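Start from the sequences, fold in the hints, and give me the full structure.
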Amino acid sequence: GENVEQHPSTLSVQEGDSAVIKCTYSDSASNYFPWYKQELGKRPQLIIDIRSNVGEKKDQRIAVTLNKTAKHFSLHITETQPEDSAVYFCAAVGGYNQGGKLIFGQGTELSVKP
Amino acid sequence: EAGVAQSPRYKIIEKRQSVAFWCNPISGHATLYWYQQILGQGPKLLIQFQNNGVVDDSQLPKDRFSAERLKGVDSTLKIQPAKLEDSAVYLCASSYSTGNEQYFGPGTRLTVT
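In order, the protein sequence lines correspond to chains A and B.
Count along the first sequence from 1, then add 64; that gives the number in the numbering used here.
Count along the second sequence from 1, then add 39; that gives the number in the numbering used here.
Treat the hints as calculated values from the structure; they're not laboratory data.
Quantities reported herein were computed from a predicted structural model and do not represent experimental measurements.
Careful, some of the hints might be misleading.
Stretch-level coverage of chain B by chain A, calculated; a stretch enters the list once three of its residues show a Cβ under 8 Å from a Cβ in chain A [what the hints assert, rightly or not]:
1) 64-70
2) 82-91
3) 134-143
No farther apart than 30 Å at their CA atoms in a straight line, the calculated lysine-lysine pairs in the DSS-like style are these [to be verified]:
4) K117/B / K135/A
5) K177/A / K132/A
6) K122/A / K122/B
Have a look at the derived ranges for each label pair, beta carbon to beta carbon [to be verified]:
7) K101/B / P178/A: 23 to 33 Å
8) S136/B / N117/A: 42 to 52 Å
9) S82/A / K101/B: 37 to 47 Å
10) I51/B / Q124/A: 20 to 30 Å
Don't be surprised by glycine CBs; every beta carbon is placed ideally from N, CA and C.
Structure below.
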């Protein structure tokens with residue numbers, strides 16, 4: 065089955081700097097890769113996603129890149145702000161015959177220092 | 040649109056007791072998921088429904104956990120009997136169909152003492 069590895073587990077940056085979180089996946093049939101932000105005690109919230117037919121997607125300060133050959137994808141946050149502090153999870157969803165099962169990475173705790 | 044609703048939000052029980060959680064998905068969403076999130080880890084899928092049928096329950100500890108979605112809308116997840124290691128947040132999510140964006144509910148924080 066699918067396995068998702070996420071690094072780093074913790075990341076501390078200064079306000080205004082960029083943050084990068086990387087994930088690798090094992091199942092080459094995976095075709096959908098969402099990123100979730102989870103603030104303490106709250107539900108995971110989708111912040112950006114990418115499908116396997118594109119290599120990059122951007123939404124304001126957030127971007128995601130996908131390298132299908134290497135089976136890895138990354139989240140890039142530019143001009144970080146203190147409110148970006150949270151735990152970020154990457155995930156991968158397999159092909160239709162896998163029922164759309166979402167496999168999460170272990171999470172990255174991002175801390176943005178003012 | 041209204042989001043995914045879950046109740047209760049918090050539950051404290053003793054080991055060997057039973058507990059049930061309820062989830063109401065977003066209207067029109069055919070797919071419903073139950074996840075277990077242990078502190079410091081990512082959510083782990085327990086069971087996935089498509090309408091009222093089970094798509095995947097490979098990681099559901101069936102000796103103590105059960106779930107149903109009888110009318111293809113609301114769902115309940117039950118644990119009987121509970122163990123200490125069941126302490127976690129139980130998240131319900133729904134999507135329009137499989138492979139689409141999943142929307143999470145607020146979760147139920149279970150503490151087993």
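Do the hints match the structure? See the list:
By the rule of at least three residues with a Cβ nearer than 8 Å to a Cβ of chain A, the coverage given for the region 64-70 of chain B is violated, with 1 such residues. With a cut-off of 8 Å between beta carbons, the region 82-91 of chain B has 5 residues touching chain A; three or more are needed, and the interface restraint holds. Beta-carbon proximity to chain A at under 8 Å applies to 9 residues in the region 134-143 of chain B; the threshold of 3 is reached and the given coverage holds. Between K117/B and K135/A the alpha-carbon distance is near 37 Å, which puts this suggested pair outside the 30 Å criterion.
With a C-alpha separation of about 33 Å, the suggested pairing of K177/A with K132/A is violated against the 30 Å cut-off. Of the pairs offered as hints, the one joining K122/A and K122/B is violated, with about 44 Å between alpha carbons and a cut-off of 30 Å exceeded. For K101/B and P178/A, the Cβ-Cβ distance of about 49 Å falls outside the hinted range of 23 to 33 Å, so the restraint is violated. For the hinted restraint 42 to 52 Å between S136/B and N117/A, the CB-CB distance of approximately 18 Å leaves it violated.
Taking 37 to 47 Å as the suggested C-beta distance range, the pair S82/A and K101/B conforms, at roughly 45 Å. In this structure, I51/B and Q124/A break the distance hint of 20 to 30 Å, their C-beta atoms being roughly 41 Å apart.
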